[in-house]
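Chain residues, written in single-letter form:
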Amino acid sequence: MSLLDSFLVRAVLAGLGVALAAAPLGCFVVWRRMAYFGDATAHASILGVALALAMSISVFAGALAVALAMATTVSALSGRGYAVDTLLGVLAHSSLAFGLVAVSFLQGVRIDLMAYLFGDILAVDRTDLALIWVGAILVLALIRWRWSALLTATLNPDLAYAGGIDPRREQMVLTVALALVVAAAIKVVGALLIAALLLIPAAAARPFATTPERMAMIAALLGGVSACAGLWLSYRFDTPTGPTIVCTAAGLFALSNLAGLVARPRA
Amino acid sequence: MSLVDISGLTVRLGGQTVLQDVDFSIEPGEIVTVVGPNGSGKSTLLRAIIGAVQPVAGQVRRQRGLRIGYVPQRLHIDRTLPLTVRRFLALPSGVAEAEMTAALAEAGAGDLASRQMAGLSGGQFQRVMLARALLSKPDLLILDEATQGLDQPGSASFYRQIERVRAHLGCAVLMVSHELHVVMAASDRVICLNGHVCCQGAPEQVASAPEYRALFGTGTQGALALYRHEHSHSHDSSPGHDHDHGRGAAE
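If you read the sequences in order, they're chains A and B.
The working numbering numbers the first residue of the first sequence as 1 and each following residue consecutively.
The working numbering numbers the first residue of the second sequence as 1 and each following residue consecutively.
Source of the hints: derived by calculation from the structure; they are not laboratory data.
Certain hints may be false.
Claimed, not checked - What follows is a list of derived Cβ distance ranges for each label pair:
no.: 1; chain 1: A; residue 1: 76; chain 2: B; residue 2: 57; range: 23 to 29 Å
no.: 2; chain 1: A; residue 1: 72; chain 2: B; residue 2: 213; range: 49 to 55 Å
no.: 3; chain 1: B; residue 1: 57; chain 2: A; residue 2: 101; range: 46 to 52 Å
no.: 4; chain 1: B; residue 1: 163; chain 2: A; residue 2: 262; range: 44 to 50 Å
no.: 5; chain 1: B; residue 1: 97; chain 2: A; residue 2: 90; range: 47 to 53 Å
no.: 6; chain 1: B; residue 1: 39; chain 2: A; residue 2: 164; range: 27 to 33 Å
no.: 7; chain 1: A; residue 1: 76; chain 2: B; residue 2: 76; range: 23 to 29 Å
no.: 8; chain 1: A; residue 1: 258; chain 2: B; residue 2: 25; range: 54 to 60 Å
no.: 9; chain 1: B; residue 1: 14; chain 2: A; residue 2: 101; range: 34 to 40 Å
no.: 10; chain 1: B; residue 1: 12; chain 2: A; residue 2: 82; range: 16 to 22 Å
no.: 11; chain 1: A; residue 1: 93; chain 2: B; residue 2: 122; range: 37 to 43 Å
no.: 12; chain 1: A; residue 1: 144; chain 2: B; residue 2: 151; range: 38 to 44 Å
no.: 13; chain 1: A; residue 1: 168; chain 2: B; residue 2: 149; range: 27 to 33 Å
Claimed, not checked - Covered stretches of chain A, as calculated for chain B (at least 3 residues, CB under 8 Å):
no.: 14; segment: 144-151
no.: 15; segment: 160-167
no.: 16; segment: 202-212
Just so you know, even glycine gets a beta-carbon here, dropped at the ideal spot from N, CA and C.
Just need the whole structure built from these sequences, with the hints factored in.
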């Protein structure tokens, strides 16, 4: 009640939830050079939104299902003659296109496509908020549980095998976590900007980090700051909220690199 | 019993048969070197032993409870991943500080614990990799072209470190190498691989085997002469490899 009645408080909480879950995942996205993986999963989720609306199921479920299917397809197809970025390009853009076409078939359903492409954090309701936080906690728990195995598999698949870890399973864990975050975040920052929220705070955290754990924590902090400051800026200057959050994160990225240059010239 | 016993191993990767009907075993304390041209399945054999590739036929039997220390061919650590040597060694399951210090010292990398992995030189990096492999107190140390990218003194010094480690821990060593003249003298047994086992035996036996010469010899008379020349000298002297080379060239 009371506090959660304010759309601004709900927006802040939603932003924080997404930032928190995106941070450690974003670090893996950076380390494993899979920036486009996040992009592709996010674009595919538009198709999920369209299907969800057509079948009147929850947008979260639709986006999650398609994001998962997409991520699994890429994992399964990679290493079969196409470079991963080619596969991602084919799947991402075609599923976005199929999504947009599918949306046009939806008779009688008025949907604001812009809301799913760019997100509408100010329209987050309590159900969304619950979904975001449950999703975030699930993702954080999953990542924390698999942390060492994920790190080892990220370093080198053979090193993982020698240590009794199956890197394909860890890839699947990341994929599922990524799909969860995308599905939870689509309403907050929208499909086009989810990848930005994954990548930018993690990249901004790099100059200050000496261990992977610290990088994830700093990324969470920077993501949280971006969400809060972005919301405030967008409120103050009446700018679109999702993009403003990403702009704030980008500003932090620039600042952190400047600070990194000054503090550690050798880096 | 053997540490690893492989029989009739056939591995197919991407539709191509990389290994065909390979029999192989390694005994406790042995140093075995696998040589062979590019694409001969050397790395694949090692990866089959650690369980990273599944055979389409044959089987790989590891001794029950066998501990393997693995140093992969080349490990690129992305600069975006901040990782100290200490943290790297503790992956995936955590290690006591004292054990870590001991392993680093054993590998000749005692002073590197708080350095960033991405900032190490090639030789330092390989020593850290060796330390990591030693942490598991291996019965079998597997090195996949561990000296790739090191210069000749660097490789020689790395192999001397391996010999010290073997002498101290008594583990078996299985390695793959291109640097025949450096490695073969230190090995108990050499296996010449080209999709199948061409020949195997003591280093000097293999060096003079016709199968080995057929693989490495034809068309490179000059280089082969140098190699053979060195082998004929290296087994009657202590393993001072750089000196062998110098002497070989001078003669």
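We went through each hint and held it up to the structure:
no.: 1; hint: 76/A / 57/B: 23 to 29 Å; verdict: holds, 25 Å
no.: 2; hint: 72/A / 213/B: 49 to 55 Å; verdict: holds, 50 Å
no.: 3; hint: 57/B / 101/A: 46 to 52 Å; verdict: holds, 48 Å
no.: 4; hint: 163/B / 262/A: 44 to 50 Å; verdict: holds, 47 Å
no.: 5; hint: 97/B / 90/A: 47 to 53 Å; verdict: holds, 49 Å
no.: 6; hint: 39/B / 164/A: 27 to 33 Å; verdict: holds, 29 Å
no.: 7; hint: 76/A / 76/B: 23 to 29 Å; verdict: holds, 25 Å
no.: 8; hint: 258/A / 25/B: 54 to 60 Å; verdict: holds, 59 Å
no.: 9; hint: 14/B / 101/A: 34 to 40 Å; verdict: holds, 36 Å
no.: 10; hint: 12/B / 82/A: 16 to 22 Å; verdict: holds, 20 Å
no.: 11; hint: 93/A / 122/B: 37 to 43 Å; verdict: holds, 41 Å
no.: 12; hint: 144/A / 151/B: 38 to 44 Å; verdict: holds, 43 Å
no.: 13; hint: 168/A / 149/B: 27 to 33 Å; verdict: holds, 28 Å
no.: 14; hint: 144-151; verdict: holds (count 3)
no.: 15; hint: 160-167; verdict: holds (count 5)
no.: 16; hint: 202-212; verdict: holds (count 6)
Taken one by one, the earlier hints all hold for this structure without exception.
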